[in-house]
Each structure stands twice: as structure tokens, then as C-alpha cells.
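Participant: With the hints as extra help, turn the sequences into a complete structure.
Number of protein chains: 2
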Amino acid sequence: MNAEIIAVGSEMLSPTKTDTNSLYLTDQLNSLGVEVIYKCIVGDDRALLRDTVRTAISRSAIVIVTGGLGPTEDDVTRDAVAEALGRGMTYHPEIFETITGFFTRLGRQPAENNKRQAMVIDGAEVLPNDRGTAPGLWISHPGGAVMLLPGPPRELKNMVEKQVFARWQALLPPLVIRSVHYRVAGLGESDLDQIIGPVYSQFTNPATTVLAGPGDIDVHVRARAATAEEAESKLALVAPKVAELLGDRIYSANGDSLEKTVGLLLQNHNATVAVAESCTGGLLGMRLTETPGSSAWFVGGYLVYSNERKAELIGTPVTEPVSETTALALANSAREKTGATYGVSITGIAGPDGGTEEKPVGTVWIGIAGPDRNIAKRFRFPGDRGRIRIYAAQTALDQLRRRLLPK
Amino acid sequence: MNAEIIAVGSEMLSPTKTDTNSLYLTDQLNSLGVEVIYKCIVGDDRALLRDTVRTAISRSAIVIVTGGLGPTEDDVTRDAVAEALGRGMTYHPEIFETITGFFTRLGRQPAENNKRQAMVIDGAEVLPNDRGTAPGLWISHPGGAVMLLPGPPRELKNMVEKQVFARWQALLPPLVIRSVHYRVAGLGESDLDQIIGPVYSQFTNPATTVLAGPGDIDVHVRARAATAEEAESKLALVAPKVAELLGDRIYSANGDSLEKTVGLLLQNHNATVAVAESCTGGLLGMRLTETPGSSAWFVGGYLVYSNERKAELIGTPVTEPVSETTALALANSAREKTGATYGVSITGIAGPDGGTEEKPVGTVWIGIAGPDRNIAKRFRFPGDRGRIRIYAAQTALDQLRRRLLPK
Chain A
67 MNAEIIAVGS EMLSPTKTDT NSLYLTDQLN SLGVEVIYKC IVGDDRALLR DTVRTAISRS
127 AIVIVTGGLG PTEDDVTRDA VAEALGRGMT YHPEIFETIT GFFTRLGRQP AENNKRQAMV
187 IDGAEVLPND RGTAPGLWIS HPGGAVMLLP GPPRELKNMV EKQVFARWQA LLPPLVIRSV
247 HYRVAGLGES DLDQIIGPVY SQFTNPATTV LAGPGDIDVH VRARAATAEE AESKLALVAP
307 KVAELLGDRI YSANGDSLEK TVGLLLQNHN ATVAVAESCT GGLLGMRLTE TPGSSAWFVG
367 GYLVYSNERK AELIGTPVTE PVSETTALAL ANSAREKTGA TYGVSITGIA GPDGGTEEKP
427 VGTVWIGIAG PDRNIAKRFR FPGDRGRIRI YAAQTALDQL RRRLLPK
Chain B
67 MNAEIIAVGS EMLSPTKTDT NSLYLTDQLN SLGVEVIYKC IVGDDRALLR DTVRTAISRS
127 AIVIVTGGLG PTEDDVTRDA VAEALGRGMT YHPEIFETIT GFFTRLGRQP AENNKRQAMV
187 IDGAEVLPND RGTAPGLWIS HPGGAVMLLP GPPRELKNMV EKQVFARWQA LLPPLVIRSV
247 HYRVAGLGES DLDQIIGPVY SQFTNPATTV LAGPGDIDVH VRARAATAEE AESKLALVAP
307 KVAELLGDRI YSANGDSLEK TVGLLLQNHN ATVAVAESCT GGLLGMRLTE TPGSSAWFVG
367 GYLVYSNERK AELIGTPVTE PVSETTALAL ANSAREKTGA TYGVSITGIA GPDGGTEEKP
427 VGTVWIGIAG PDRNIAKRFR FPGDRGRIRI YAAQTALDQL RRRLLPK
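Chains as they are written, first to last, in this note's numbering: chain A, 67 to 473; chain B, 67 to 473.
Calculated from the structure, these hints are not laboratory results. Fair warning: there could be bad hints in the mix.
Since the list can't tell identical chains apart, any single copy or any two copies may satisfy a pair.
Said to hold, decoys possible - Heads up, simulated DSBU-like pairs for lysine-lysine below, C-alpha to C-alpha not over 35 Å straight-line: (1) Lys-83 to Lys-300; (2) Lys-425 to Lys-223; (3) Lys-443 to Lys-473; (4) Lys-425 to Lys-181; (5) Lys-443 to Lys-223; (6) Lys-300 to Lys-403; (7) Lys-300 to Lys-425; (8) Lys-181 to Lys-443; (9) Lys-425 to Lys-228; (10) Lys-403 to Lys-443; (11) Lys-307 to Lys-83; (12) Lys-307 to Lys-181; (13) Lys-403 to Lys-425; (14) Lys-403 to Lys-307; (15) Lys-83 to Lys-181; (16) Lys-181 to Lys-300; (17) Lys-181 to Lys-473; (18) Lys-228 to Lys-473; (19) Lys-403 to Lys-83; (20) Lys-228 to Lys-326; (21) Lys-181 to Lys-326.
Small disclaimer: the values here were computed from a predicted structure and weren't measured.
Facilitator: The following block contains the structure:
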């Protein structure tokens, strides 16, 4: 079953406002196996909203309209939806009494225009609002249902929890969802797609989505069925093959971040890490300390941005700051000076200046010193300064992760 | 003139993703006096996208479609828009050559499916993308124009700045814009609004927008008129008063980031800085090195996450890691050991654990050691671990900035 979400209000079309209600609603709907196929924001424009609602009703069984239920002339949701459905509206004095009671408890009186909030679309069920004045409306129609919910998040959430969620469930056949969330490092989006595309693109259930960031890709595989057994067997059509094809490029299968994965691996090994960062300036340390409890695996480190700082850490003058020798020496010194199990170094050219033909912008050496051996590798990352730094820290974390995997 | 924004991608319909491109685009369009009347998010569904584009074209002169320009089968934007306009598509080998060049510079090869990105809708102008593989397309039609822009924000912004903005202007009657962009640290959004709201809310032209992040607020004042003189006199109704009311809480009036402002101030003083970070784990160093050329002012520093690391830097055992004494000693040692003009330290409790009644989660000491004096201040920041760390680094930068202002 599909759903659409329509948020109403000209203020929602400003450059500074985002619609967070739709995220909450999507989460609730997805948990029932309902897919949100479209969402939009419409200003306080009755004709435009009417047309938008009409189109939504024609293609989706669940249509949610949020906001625009206030008492002013600007609040056009009730009128527009009634028009879209071709229905009339009736004044309900008992709703106005409830609104009056709400104001009385605040020591105030309702305004005349609050009566607009007591108008009910013919055939609608009224959804009382115990946190505000605007009641919601649930309107069943031959193709599904339209629901009008208040815009303020705390009123909306309360109404969904207490009154709307159960009505959604009643519309749906029993449904079970089984899913996996693989996270992948060290692979580009099109490379990944060439590897797993032939497997997942044969199926719409399970549905597979791929979302890529710099050096980081999320792969979601989600199966829906009437029973748990069936959902699991559908998931098994794709998930194990994707896992096999990607192998140890998958760093987590439960949504954990790379820094958390690395932290837990270190903890499992009773190991700690220290860093020596040049071009990333602290980004690697920041990521290693993002997870609560990171003091279990992160001891600290050195920001060796200038060559003097590098020389001071290594104990010898630095002739080639971006080189295998320097990366190895930095990682090793970070490890030895702190007593950490592993030392990780990053030294490179983040740009925009400082590149040469031999070492263009984006050239980064990553070193890892450990109890068994010290290794440094050269990488070449794309993009601008910010992106090169993100790639460098991401790759350093992934190199450390691979070092910690069982052989 | 009206605009609509259509964001494409099933991942944008997940419960965790918000569409931030539309905020940037709205801001840019509003600056030209163009109103965004509708925006929506559509999954990777060719027929639904085609219908959505058709409806948008019928009512708005400017229609922007973002995302879905990648190389995979999922990327349906080109096909759907061609269908909506009733036009064909042609393969442009020179675009594929450009894409091949992009990959070659990264030491890689394009995949066969990258050829999809070289398909051009008949009659479209190609908008080259120097930050990614997907070129944009601008398609004029009798009722206005449709433009296809890449989804990744850095590619989209770059393309709008360099190629799209001027094309929008050409569609519009002549309009002169004069604006200022104040950036403010160390003030909450409602406090700021109490100070400047009474001034700016009297005017719709100049229009003032306030956008708040943790410890960081952007205030845009923008005047529009037919002539430069008129726009300037309108801007003068609000901008100077806002500047006076906010005083030295404004850290930049040209959009510069706080880290860049601090870097330039240091450079003006012929001064350098070193850091000693505990709970921020490298975030302060990372920010101080975000600006190209930061080696002029940033020498490096110490990540003193564990108490052993703090003790090692200070040279004495640490009894109270989160205290004035420790903050002062860390800042002073960072300064002395590196020879930097200033040493900045951050030590605090980012949580979620480790808080006490006396020092609850969010308690952070920030120390600054300099040629004239050493000072540490205690702060209490709100929010979760991530937010507390952002506030701490932001406040440390702002404290250093204030130290560098002319007395």
C-alpha cells in the first residue's frame, strides 16, 4: 500500500524551514510496510492544494495532509480537501465547545474565527486534539482514506499515536518486514553497482536502495510478505548474495558507523589507538571519539600540521612530509609515545595549493603501526579540500578496520 | 515569476533524509524575487516523475529537478523529463569523453553505464559539471524553462553559481539586489530575535532571514529594487541598525566562516595557534585547518583524550581533568611546547555518561594562553554528545576571536 504526505503552509516554503513531520510519519508508515511514494509542500493556496490532494487521492490509498487547520483565513486545508473530495462541510457546535474549554483552561476566550475549526467535512470522523485547538479529520473514501492532521509536531505525534496508527493498521493486510542494512567502505558508487546491480535489480521485493557518500555507501535490502517465513525467504534471494559479492568491504550489517565498528573491533582485541594527523587536522581523532565510550579504545594523538611538529614527534628532521617514510615514522611514533596498540598516521596534500606533478593535490599517505608490522599506503582522493580530508579519514579508519579483521 | 522544485530519489523518501538542496535553491531564487510555490520529493519512479514534471511545467515558469542523474538504471530523471516534454534524447560522445577524463584524473575508468550520463534531451543546453560526472541540462520551452541539476549539494551549488543563476536572471526583468550577510556567534536564536526582531520585522523589502545552528547564526538582509541606488537606500533602512545592535557578536559581514575569520585575524597579528583537545577529539583542529592556507596560522596540537595524555602534555599528574586548572595548564603547555603565539584548550564532559551533579554533561572548560595572559572559562552546553562537541569547538574559536579583536 502506498502513502503520500502533503505539508501545508507558505512558511514551510522559506529557505530556512524543513518539514520534519513527514520524517516521523514516514518512519511510522514504513514500520507498517506502507511506502511513501511522494511528499510535497504547498503554500496557503486553496486551488493548488485542492489539485494536489485530488492527484494524491487518485494514486495513493493513504493521503496525509498536515497543517493549515488553524483559525485564520490563511488556513485553507479543510476547504481545499472538501472541494477535492466533492463534499460539503457542516458546523459542529460540540467541537466549538471543546475549543472553548481548551481556552478556558488557559484563562482565555476563543476568538470568533475559532469557529472555522469546528467545521467538519461531511462523512469525516473527528480526531480530538488534547494538545491544541485544531481537531484532526479522518475521511474514508472508496479508494482509501485522507487524514487531516495538525502541523505542530507535538500535536501531530500525539494524534498519530493515540488515534491514527490503529486506523492505518485496520486498512492493511497483515504484513511482515525483514531487512538488512550493509555499510560499505573503499568502493565507488558505480563500481559497487556493477558488482551487485545484476543481483538486486532482478527483484522489486526485496527492494534494494543504494546511497553513496565519500568513500561510504549504504545498501538497504528490504523484503515484505504476509508471514515472517515468507519475508525471510524473499530477503534470502538477495541479501546473502550481496554480502558474498561485497565480502569484507562490508564494514557493518546493522547500520553501525565505521568509527563505531572500528571502536568495537579494537575493544574486542583489547587494543587501543593513537593518531598522528597532518592534512586532516583532527578529523580522524574527532571521528574516533564520536561514539560514546570511546575512551575504551582512543587514547589521543598529535596534530602535526607543520613540518616542525612532524619532526618533533618523529625525533628527526622531515625532508619529505608526504612520503612513505614520514607516514611510517608518524604512525610508529604516535604508537610508541602513547603506548597505544596501534598508531595511525595521515599525511597528504589536501589542496587547493601544494600539489606537484609527482604528488598532485589529493595524494595522501596513510600509515598504520601495530604490534605485528608497520605499513603505509599511498592513495589519491578526488574532489576539493574538504572532500579529500573526508576521504582520507574514512580510508584511514577502513585500513585500521581491515588490519583488525580475523585473518 | 514562480518556481517549483522537484527532488528525485527513493532514498530522499526515507525517514532519515531531508532535502537541503531545496533550501539553498529557494534562498537563491528568493534573492531574485522568484517565489517557490511548491516543492516535492519523488522516488525513482519514471511515470510518477513524468506526471509530476508535466504538472509543474503547466503552472510554473521555472521548474528545477534535482538528482536522479547518476549512471544506474535507478536514475530516471533524464528519461522522465524527456517524456514529460515529449522530446527525444541523443547520445553525445563528447560528454562521455569528459566523463572519461574525470575518471582518468582519478586513475580510474568509467563504467559502461556511465554512457547513460551522456544522453542529452533534444534542444537542451548542457551544463558541465566540474565536480562530478553528471552534467546538468537546461531546457527552454514556450512556458519557461526546466533545469536538471545533480543531487550532491557540492555539485549542485557549484553549477547554480557558475551556470544557472545567470540564466535565471536572464528570464527575469532587471532587478538590482543589495545584501549583507552577518554571521553571529555566542547568542541563541530567540535572544538574537529579541534584539533585532523589532528592527527588521517592520520591513518586507529589505527581507531579513535568520538561520540558526549550534552557537552560530546567519542573518541575511536583502533589498531588491529597479536601481542600485534604490536597493542601497532600502538596505540602509535595516542593515546598519542590525549591525549596531549586535556589535562584536557579529564575526563576519561577508559570509566568512568563524574558522576563516579567526585565521585571518591571527594572520593580521602575525600570530599562530596550537590546540590541546580532550572531549572534542580533534574537531577544533579540524576546523582551524578547513581554510586553505591554514598553515600560516595553525601549527598543530595534542589530542589529550585520556588523562595520561593530559598528564604527559602538562608534565604533572591530573587530578581534575575538567577544571580551570587543567584547562589553563593544557592551553599553556600547548603554547609553550609548540612555540605558537596562542594555545587553546578544551576539556569537558560530552556525555552521555560521566556527568555529576557538580559537573553535569555539557560542562566544558575552555582555556586560552597567550603572550599577555592565560584565561579559562567554564561553559554549559545543551544537547547530545555531538551537539555539545560542536558548541565547544565553536565557542573556543569565538573566545580566541574575541581575544584577537582590537581593544
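Participant: Please go over all the hints and tell whether each is borne out by the structure.
Facilitator: Hints, verified against the model:
1. Only between protomers do Lys-83 and Lys-300 lie at most 35 Å apart by alpha-carbon distance; the minimum there is 26 Å, versus 38 Å within a single protomer.
2. When the C-alpha separation of Lys-425 and Lys-223 is checked against a cutoff of 35 Å, the pair qualifies only between copies, where the shortest distance is 29 Å, while the shortest distance within a copy is 43 Å.
3. For a Cα distance limit of 35 Å, the shortest separation of Lys-443 from Lys-473 inside one copy, 19 Å, qualifies, whereas the shortest one across copies, 49 Å, does not.
4. Only between protomers do Lys-425 and Lys-181 lie at most 35 Å apart by alpha-carbon distance; the minimum there is 30 Å, versus 59 Å within a single protomer.
5. Taking the shortest alpha-carbon separations for Lys-443 and Lys-223, only the inter-copy value of 33 Å comes in at or below 35 Å, while the best intra-copy value is 39 Å.
6. With identical chains, the CA atoms of Lys-300 and Lys-403 are never at most 35 Å apart, being 53 Å at best within one copy and 61 Å at best between copies.
7. Taking the shortest Cα distances, Lys-300 and Lys-425 never come within 35 Å of each other, neither inside one copy (49 Å) nor across copies (51 Å).
8. For a Cα distance limit of 35 Å, the shortest separation of Lys-181 from Lys-443 across copies, 32 Å, qualifies, whereas the shortest one inside one copy, 58 Å, does not.
9. In the homo-oligomer, the alpha carbons of Lys-425 and Lys-228 lie at most 35 Å apart only across protomers (29 Å), although the nearest pairing inside one protomer, at 50 Å, exceeds that limit.
10. Taking the shortest alpha-carbon separations for Lys-403 and Lys-443, both the intra-copy value of 22 Å and the inter-copy value of 30 Å come in at or below 35 Å.
11. In this homomeric assembly, Lys-307 and Lys-83 come within 35 Å of each other (Cα to Cα) only across copies, at 26 Å, whereas the closest approach inside a single copy is 38 Å.
12. In this homomeric assembly, Lys-307 and Lys-181 come within 35 Å of each other (Cα to Cα) only across copies, at 27 Å, whereas the closest approach inside a single copy is 55 Å.
13. Taking CA atoms no more than 35 Å apart as the test, Lys-403 paired with Lys-425 passes in both settings, with 29 Å inside one copy and 31 Å between copies.
14. Proximity of Lys-403 to Lys-307 under the C-alpha cut-off of 35 Å is found in neither arrangement, the shortest distances being 44 Å within a copy and 54 Å between copies.
15. Proximity of Lys-83 and Lys-181 under a CA criterion of 35 Å is satisfied intra-copy only: 29 Å inside one chain copy versus 37 Å between copies.
16. When the C-alpha separation of Lys-181 and Lys-300 is checked against a cutoff of 35 Å, the pair qualifies only between copies, where the shortest distance is 32 Å, while the shortest distance within a copy is 50 Å.
17. For the homomeric pair Lys-181 and Lys-473, neither the shortest alpha-carbon distance inside one copy (61 Å) nor that between copies (39 Å) is at most 35 Å.
18. In the homo-oligomer, the alpha carbons of Lys-228 and Lys-473 never lie at most 35 Å apart, since the shortest distance is 41 Å inside one protomer and 50 Å across protomers.
19. Taking the closest pair of Cα atoms, Lys-403 and Lys-83 never come within 35 Å of each other, the shortest separation being 44 Å inside a single copy and 42 Å across copies.
20. Proximity of Lys-228 and Lys-326 under a CA criterion of 35 Å is satisfied intra-copy only: 23 Å inside one chain copy versus 39 Å between copies.
21. In this assembly of identical chains, Lys-181 and Lys-326 lie within 35 Å of each other by CA distance neither inside one copy nor across copies; the values are 40 Å within and 37 Å between.
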